[in-house]
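Those protein sequence lines, which keep their order, are chains A and B.
Mapped onto full-length UniProt numbering, the consecutive letters of the first sequence carry residue numbers 1 to 317.
Mapped onto full-length UniProt numbering, the consecutive letters of the second sequence carry residue numbers 1 to 952.
Calculated from the structure, these hints are not laboratory results.
Virtual Cβ for every residue (Gly too), placed ideally from N, Cα, C.
Do not rely on the hints blindly, as some may be mistaken.
Over the 10 Å line for every Cβ pair with chain B, so calculated as not near, a few chain A residues [stated by the list, open to error]:
1. LEU13
2. HIS186
3. LEU218
4. THR290
Each pair of labels, with its calculated beta carbon distance range [claimed, not checked]:
5. A:GLU228 to B:GLU357: 44 to 54 Å
6. B:GLN516 to A:ARG181: 53 to 63 Å
7. A:ARG181 to B:LYS608: 54 to 64 Å
8. B:PRO223 to A:ASP36: 53 to 63 Å
9. B:SER451 to A:ARG106: 33 to 43 Å
10. B:ARG453 to A:ARG141: 56 to 66 Å
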Amino acid sequence: MAFPQPRPQAPQLPQHLLRTIDCQQGAVRAVRFNIDGNYLLSCGSDKSLKLWSASRGTLLKTYSGHGYEVLDADGSYDNSQICSCSSDKTVILWDVATGQVTRKLRGHAGKVNCVQFNEEATVILSGSIDGTVRCWDTRSRRYEPIQVLDEARDSISSLKVAQHELLTGSVDGRVRRYDLRMGQLHVDFISSPITCVCFSQDGQCTLSSSLDSTLRLLDKSTGEMLGEYTGHKMKGYKLDCCLSSKDTHVLSCSEDGHVYCWDLVEGSLSLKLPVGKAVVQSLSFHPTETRLLTAMEGRVQVWGAEQEEMEEDVIAT
Amino acid sequence: MASDSDSDEDFVTYGTPLEPLEEDEPLKKPIPLHDQTVKDEKGRYQRFHGAFTGGFSAGYFNTVGSKEGWTPSAFVSSRQQKAEKHHARPEDFMDEEDFSEHGIAPREITTSQEFSSSRRDKAGEKARAISAQAALIPGDTLLEELIAPARSSIGVELLMKMGWKEGQGVGPRVKRKARRQQKDGGGKVYGCTLPPAGSEESEDDDEEFAPENVTFAPKDVTPVDFNPRLGVQGLGYRGLDPSLALLGHGTAEHIDLFKPQSETRNRLFGDTKSSSRRGGVVGQAFGVGALEDDDEDVYHRDSMSRYDTILGEEEPGDGLYGWTAPQQYTKKKDRSKDASYLGKILEGFTLAQKPLEEKTIFPPPSLPRDYRPVHHFRPSVDVSHLSGVSPALAEALRVSKGHMVKEEPQQAGRHQLDSGQRRALLGEDTLQGPSSVMELLRPEDRQRLLSLRNSSNPPSAKTSIPVSSHASQTSGKSAQVLPASSDLQQVSLAAWRGIQTSSQTFKPFEKNPSKQARYELYLSCLKQGDNDALEQSLDPGMTEWERSREREEFVRASILYRPTSSSLSSRFTRAKDQEDDDSVEVSPDQEGDLDDKQAAVKMKMFGKLTRETFEWYPDKLLCKRFNVPDPYPGSGIVGLPKVKRDKFSVFNFLTVTQSREAAAPPKPPESGKKSRWDVSEQKVEKKKEDLLGELLSAARNQTETKVEQTPTPALPALPASISSSDQAPGSKPEIKSSDQQSSEEKKDGDEEEEEEEESRPPMDLFKAIFASSSDEKSSSSSEGESSDEEEEKETKEDEGKMDSEPLNLFSIPSTSTTTTSSSATTTSFSSSANTSSSHQAAVSTQASKQEEEEFGPKLPPPSAALSRGGATSICPPSKEVKTGKKSKEKKHKKKKHYKHKKEKKKKKHKKHKHKETAEEEQGGGDGEQEDGQVSTDELLKRLKSIRSHQMW
């Protein structure tokens, strides 16, 4: 630390549309960056999962094998595997290069809302509408989950993994944080059905969005509320929220076709990004850069801080 | 040097000048590539060939030798001169080009290296002489020294002309540095004649008197003579020192002034010091030769006096340094330089070679301001063992222990637990057989037993008093004092004698292991028919009173648990879960009071009020996969301790579905951010008495009043609560709320309702279940489905006109509207080609599918036009939007048709909001109704399949 920290720049917001990708796979249920933000995954309602280059917007691979619409996906840390979950109650582990199904994990009693790898991609965690989170082992050939977390009393709508912690948001209005290291379960009561939960990048806070059109930033250790973000509309749909890559802003989808972006500390609305007329269903923030993905209907849009050289907007694939 | 002094214009020119260009002359044609040839001195073409011969090949037009081809220079027929041996030299195979200046073996007469200036090259000489010292024959250079070549090389001569003298270094002169060298140069040393002269002291004096303005030539640098190793010995092998070999056995004496080596060496270096030190251990052959019988030498120890103990004070003086100098020199030099540079280093110390590693010291964590270093132990109330206590009380007791404490049911140490508790911790199965007698007895028997105990107690109390007075009495006598117990003793003896039961007997004194052990000893004595079994088994260390009591207990226990009953018990297995204890049924994360929490949420007081922390046991493998140590090593528990999963009974489903069909609750008045699920939990949790601390009371009062005010929003949403359709929808909530308030009332109340509340599974399960039947269809054919969906819309419209008010699953009006529209249109994004599918079948599948869609937050509809409907509750759709959408969707022309219908529908939305829900419910109920119409058998069949599904 011999050098002084560079002067902090004013945080930039992804307010320029860089690219629009027409995914051609029905409604895009979720869009996710991969681990380094070079690729993106789009989960379509036509049972397909597609891998795109984030910089060029070209289709790289289509993964088909689900029996119903794909609801969420996640890429492994080494980009070698993808897990996805679907309304067909299965979780599928894909080989990225070949596009083959490595494993198809059955066990959930209902559609699987969310799926995540752990850090080393040794465990797949999937949250389902049956109220359980199942921990699937990717290393062994077992087809039974390692453990079933059935503490939730309603559908698991979102889950995130950070190191040794598992954060789940449930429709029963509770955010549960399973701490594997401490062997503890912390339950935060939010009262309204949770649609999405996130860890902050520093791992000290949790962000949860709920159907009362509110995002709450809670201190992870005590459960105290650090911030509350309102203004958007989230009343009926399961929409995503996220934090910016440097924890400066809180972003959320909205049913009115905008992405709302609040300053994390002040709680003031700093950007209202008009995406389209329909519901912004999913969004994903680039892990390092100021770049945002939004999914609306059948399109995925890439937003950046500054205007790139304008390419052809719609890349027909 | 380059120019003459008299004329400035004359310059030395190198090479041949170009011909001056004449302006008139036309430009020369460039020579084409094929004409650019090279010819040798004989006019032969040469081709570029290689770098060895200047780039061009030898030979005859790129062949060898002559026109005739390659011929050896002296070919002799071997016939005539067989005997004459001819040694072929390399030169035989070379032509004149090879011998030319740039050839591989130039034949020009030059001064060879040996004779050029070797005589005067003192430095090189020295180096060679030094290395010769180490050779087997020291003084090898003697012969060379005698032969003196006549002339020196041109370089030396030039240098001499420039004022250089032998022995000096080359370079600018320096101030009083190279005194020794200077001296060296002054007194030229030839051969071995120079006597060792002068002492250090005198030199030092000279140096001191040296005037300031006198400069000296720099030191000459002695090149290191690297000669290759020729032997096969290893590195460091120096051979036997001839001096040692000649002068006899390895003398430990370190100074031998007449040693040839040191002598010559000193002389060569011009070292005039008394050679008081040596460079270290001088060469020794490794090992002992076969002819030597003296082992001592090999292992003789070096005395430290032979080593240089002075660090870096003096330079070696031999001039053997420079960048190529052996490491010992440079090292020494460095060290001495460091020390002298810094100056003030204590004697005996040197500078460290490596800097010390800095230790990073982490400051201790700052304590919070209100931290007091005192630990308060809370009185641990072992809730789990209080069987008689109501679950609510137990709950309260647990909660009252505080939030921050990790709630461990067993706080005792490992060694304080008895076997049973340890077994529970380890998650092992209990041994077969009941742990308590009472469980096995019928109520009448139990009564009898109690009466028996009551009757026998007074006599024992009586008898114990006299017994205690005779403290010194033997136990045998005291046994006789007890007539009643002795009778019983006989009975028990009769019962137990000669019976070999398995070890699985009842353990009435399980809580007290030592007592149990005594009891077992007693039993074993009984089995052998021992008459004074009691006296043997009792602990003599106890007081008489205790002993008498125990005697009594043992006898009675032995009668009660007589082998017959043990055989009886083997027919039964103990229930894993204690059915009668409902505190265990409830998972611990339902403990907190929801009202308090909700109040806290309303007041935005997140934190302690809304947070609950439980012990949670991750699976061992999961910890391993996460690279995390198991937080509870050795515990067999996984998940939350004491969680009991709901059992999904068929009847739950039946009642739920039926009630959903029939019930038509009113539209909830407004708001209520809670989902319906919260309400159900609320109910469940309300059952428990709220015994939280005063901390929560204020908040709680507030909520309770609020709940009283608006009980309706959530309650009608609870499908399970609507068990009977007879009840007026409006009145039901009040009943429910009152139900919640009093637990007794609830217990008195109809059991059916309670059962529903308790064991109702998460609604998603229903959904999942009912979806499962339709899923196969839907997944197989999505297109047909989408068309179905549109059909469904139509039917919905029709149904919407009906005035039946079905159960509203969503308390929020806006939500409900959005969900209906979304659920109606989720799958319709895919091209809807086929509209003429069979309606009836479609409706049923669609209905169940829709039901699936109702739970939890929805996914937005796939298309913008349709999603607009979701927003209607807040902003009614404008026409421009729609037209825009229409233009957008040119592909799906058919959708226009449906859009029109949608519009209608939206209008309806505005008019009566709960009609929408009615529609939805109708949709949901419709399918079920059909199910009901089809047959209840089918429903049962489905449920069976569901149950099998649940057995994951």
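Looking at the structure, which of the earlier hints fail to hold?
-> Hints 2, 3, 6, 7 and 9 not satisfied by this model.
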